[in-house]
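Sequences are here, hints too, so could you generate the full structure?
Everything in the sequence shown is counted per this note's numbering, starting at 2 for the first residue and increasing by one.
The hints are simulated quantities; they were obtained by calculation from the structure and are not laboratory data.
Even glycine gets a Cβ: it sits at the ideal position worked out from N, Cα and C.
Any given hint might turn out to be false.
[Claimed, not checked] Straight-line C-alpha distance at most 27 Å; calculated BS3-like pairs for lysine-lysine:
1) K145 with K163
2) K83 with K145
3) K151 with K176
4) K83 with K176
5) K176 with K145
6) K179 with K145
7) K83 with K151
8) K163 with K176
9) K179 with K83
10) K151 with K163
11) K163 with K179
12) K83 with K163
[Claimed, not checked] Just the calculated beta-carbon pair ranges, DEER-fashion:
13) N161 with T79: 23 to 33 Å
14) S55 with A178: 31 to 41 Å
15) D56 with A178: 32 to 42 Å
16) K151 with A111: 28 to 38 Å
17) I86 with A31: 46 to 56 Å
18) A33 with P102: 49 to 59 Å
19) S37 with E174: 21 to 31 Å
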Amino acid sequence: MKLSRLIIAVSITILSAITLVSCEGPAGAAGAQGISGPTGAPGPQPVIGNYTISDTAWVLSSSVSNQYYYQLTDTAITDLSKDMINVFAQGTTSPTADYYPLPVTNILAANDNLTYSYNQGTITFYYSNSAGAVVQPTTPLQVKINVIAKAIVQQHPNVNYKDYHAVMALLTELKAAKASH
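Shown next as structure tokens:
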């Protein structure tokens with residue numbers, strides 16, 4: 002008898018719970034706006050480095066024939082796994098003397114090649130002549146180094162990051178958006 006009363010009580014409890022959970026009435030009025038949370042940490046910001054490499058600063062490589070190199074320090078390159086590095090050099094042989102993405106040929110003189118490599122905190126530029134001549138740059142080289150967090154790249158997938166003007170337009174937009182907050 003006690004067992005049957007227990008079974009009936011449990012059954013009534015379960016049935017009541019199911020009934021209450023499945024009941025739905027009209028929605029109530031919207032509640033008041035809660036207080037704002039704390040301001041989050043600032044997101045990653047792109048960094049633009051502007052450099053002039055003197056024509057006399059290049060060093061003849063002892064390991065690669067007919068190649069000069071120049072290494073500069075750029076403290077904005079801090080996390081190789083989270084940053085995208087873009088390097089642009091201003092040409093002198095083109096009609097517009099625009100900025101071109103590296104690697105590039107015919108930037109300072111006919112048949113020249115300008116490439117680069119980077120590590121945390123440094124960028125090394127390599128200059129050579131494809132005709133086989135040992136030629137040192139004879140004019141200062143203007144370079145711009147953009148360090149852009151991959152998070153920004155993922156948020157703006159349609160930007161051509163090899164186009165100097167597209168990158169600069171994005172950076173201007175990001176700077177304006179930050180200033181408006």
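Inset, instruction - Mind listing which of the numbered hints don't hold for this structure, in increasing order? - result: Nothing - there is no hint that the structure violates, so all of them hold.
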